[in-house]
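Trainee: Residue strings, one per chain:
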Amino acid sequence: MTPPPYPASRRHFLTLSAATALAAAGCSAPPDTAASAGPAPSGGTRLTKIGLDYPFTQLPLYSTLVKLSAARAKRHGIPLLTTSDNASADTQASNLTTWIARKVPAIVSFPMVFEAAEPLAKAALDAGLIWVTYGGSLQHQSADIRFSFREGGTLLGEAAAQWAQEHLGGKGKIAFLTDNTIELGRERTKGMIDAFTEAAPGVDVVAREQAIDPDTGLSKTRAILAKHPDLNLVLGVTDAAAYGGFKALQQTGRAKDDAKTFVGGQDGSAPSLLAVKQGTFYRASAALAPKDIAAAIVDVPRAVAAGEADPSAEVPITLVRHADTARIDALLAQNA
Amino acid sequence: MTTADPALTRPRLIATGGLTAVRRNPLLVVLVVMVPVFQLTTGSFLDPANLSGIATDAATLAIVAVPLALLVISGYLDLSVGSTLALGGLVAGWLAGQHHQSPAIALLGALAAGAVVGAVNGFLCCHLGLSAFIVTLGMLTAVRGLAQQLFPLPLSGFGSGFAWIGGARVAGLAAPVVIAALVLVAGALFLALTPAGRHVFAIGVNREAAHLSGIHIRRTPFALFVATGVAAALAGAIKASVLDSAVAGTSGAGFELTVLTAVLLGGVALTGGTGSILGVLLGVLFLGGLQNGLTLLNVPTFWQQMAQGVALVAGAALAYAAPRTGR
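Chains as they are written, first to last, in the working numbering: chain A, 355 to 690; chain B, 6 to 332.
So here's chain A without its partners, still in its complex pose (with noise of 0.2 Å):
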């Protein structure tokens, strides 16, 4: 299997001021930038278009990015430019370099591989454009959006531990749902495992097996149930393995609500807050707002144009309980 990567984890929306500051004092952004068509209102420059370059296009997070982020440049009078990497590396780096050679004035990248994005990124300033790293750092860039991958497996660890607690004694048998394949799967597991495992010890982990998706989710949290029947906790790196290991235990007869089973994953996605809101024993997710990813898309290499001094962009994440009401039909809205 070559299972799918996921939408980055995301932490504190730090600062996304009014993108048209005076400021242009340290701004990050080389100085003979082709972005500018002309000098912006509050001066600096204003930018002609930007390129999303975001990889994962097999992800339901990908179009709604799209469809947002176009919307959000859109009333800026900005074209948003997108590519289709599907999820392949060296398409990615064609596309790019493609746009760095058509001199797109902003580009923002999630990249793929990380190091082999710096030569990219360095290519595209010294043309004197515009980069910004998505979902982390590159040594060579004007600015980036940044979340914590490994918060919001923490987030997601820490609660299901106090709940474990509090429900079953600090007992009981918990299963992982992993990946170890990329970077922030390996991050959001270790603030998963590492949160769970220290705030509550006597819980005995049965399983760590890697599955991102709902078919692999619901086959190996079969299997485990198989050998360990009376499975309490089930935490996925993604919501969609956790979703899968959600129906697995329904399908062994678990009621809906069953007070002793915890279910918890990562991203937010669609099925796993209605699971939430409804009351089920899928009862957190450490959710991104694709509202908050968007708005720094554009706001970012916006600021960089601007001459901003500081930016870069760092996207919250927050833990999505049954309570959460308003927050869960937020969300739902914005990945309508």
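Treat the hints with care, since some could be wrong.
[To be verified] Covered by chain A, per the in silico footprint, the following chain B stretches (three or more residues, Cβ under 8 Å):
#1 52-64
#2 157-168
#3 186-198
[Claimed, not checked] Distance windows between CB atoms, simulated:
#4 A:482 - B:312: 50 to 56 Å
#5 A:612 - B:134: 53 to 59 Å
#6 B:308 - A:442: 44 to 50 Å
#7 A:612 - B:52: 43 to 49 Å
#8 B:183 - A:536: 35 to 41 Å
#9 A:524 - B:49: 25 to 31 Å
#10 A:421 - B:138: 46 to 52 Å
#11 A:687 - B:173: 32 to 38 Å
Rather than coming from a laboratory, the hints here were simulated on the basis of the structure.
This one's a predicted model, so the numbers in the text were calculated from it and none came from an experiment.
Ideal Cβ placement from N, Cα and C applies to all residues, glycine included.
Fit chain B to the supplied structure of chain A, relying on the hints for placement.
Mentor: Below, chain B alone, put in the same frame as chain A:
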């Protein structure tokens, strides 16, 4: 001339009873070794709940593997089944969840979508003579793109009626397992008892000779392409029902390689002309059992991948060493 050639009669003498099946299906030996090893090491491999889980997981694989095996025996190939599976699941889920159609209508919608994909594949490969490898590889991408364009967001909440397809129990067995059993029996009977089944072998062995013998060398493979598309869409609907959700970008991703692996492990030659449904069943059970056993053993991820790879190569070597079976 009535003198029998010893070289021809000896294998017949040896190949009586179960020994024939073992010789022709070396995976049987692998399974006979694998099952007790997993039971002894895990203590729960043969538990009814676990066997039921393996059977349910393997059911969708078997449903697609049977018509695909027939297609491969006839000398063709369909690499688009993973995307067709996704499209089928999405169409069924969309009809059941968003349009509140009955499970039967939802299922029929999925099957129709699969039939269209299969018909396009069949027309291009059988009637226009294009390479099945290239055509279905292209369709793998095109159908995935179509599914993502039509259903960019995940679908979920298909209702309790639709859940019946994947969750109902018939005579104590999960509905997908019963469907898979029916497909396996139908495939075996088709190959063994019908003229069209014999034509499948004849076309796979030598298309030109089959044509000269009066066999419709286009009609049968075309029908098999359609059947494969329908089966993939059915598998997609079952998966959507079991998971109560479907995602265009990831549903069935990589499924085409898994199902092709099961078919080839089962002794079906990629060059066409040989193979059996029993072999396909063994290939499906081998893959399902291996995956399940390694999970039960809590084998770390990368070791699991290595073990699966080694097992697949070993299984393929055994299948290669076995005598070729025409039927």
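Trainee: The structure should be examined with respect to each hint, and the outcome stated for every one.
Mentor: Each hint, compared with the structure:
no., hint, in the structure
1, 52-64, "holds (count 6)"
2, 157-168, "holds (count 5)"
3, 186-198, "violated (count 0)"
4, A:482 - B:312: 50 to 56 Å, "holds, 52 Å"
5, A:612 - B:134: 53 to 59 Å, "holds, 57 Å"
6, B:308 - A:442: 44 to 50 Å, "violated, 27 Å"
7, A:612 - B:52: 43 to 49 Å, "violated, 21 Å"
8, B:183 - A:536: 35 to 41 Å, "holds, 39 Å"
9, A:524 - B:49: 25 to 31 Å, "holds, 26 Å"
10, A:421 - B:138: 46 to 52 Å, "violated, 36 Å"
11, A:687 - B:173: 32 to 38 Å, "holds, 34 Å"
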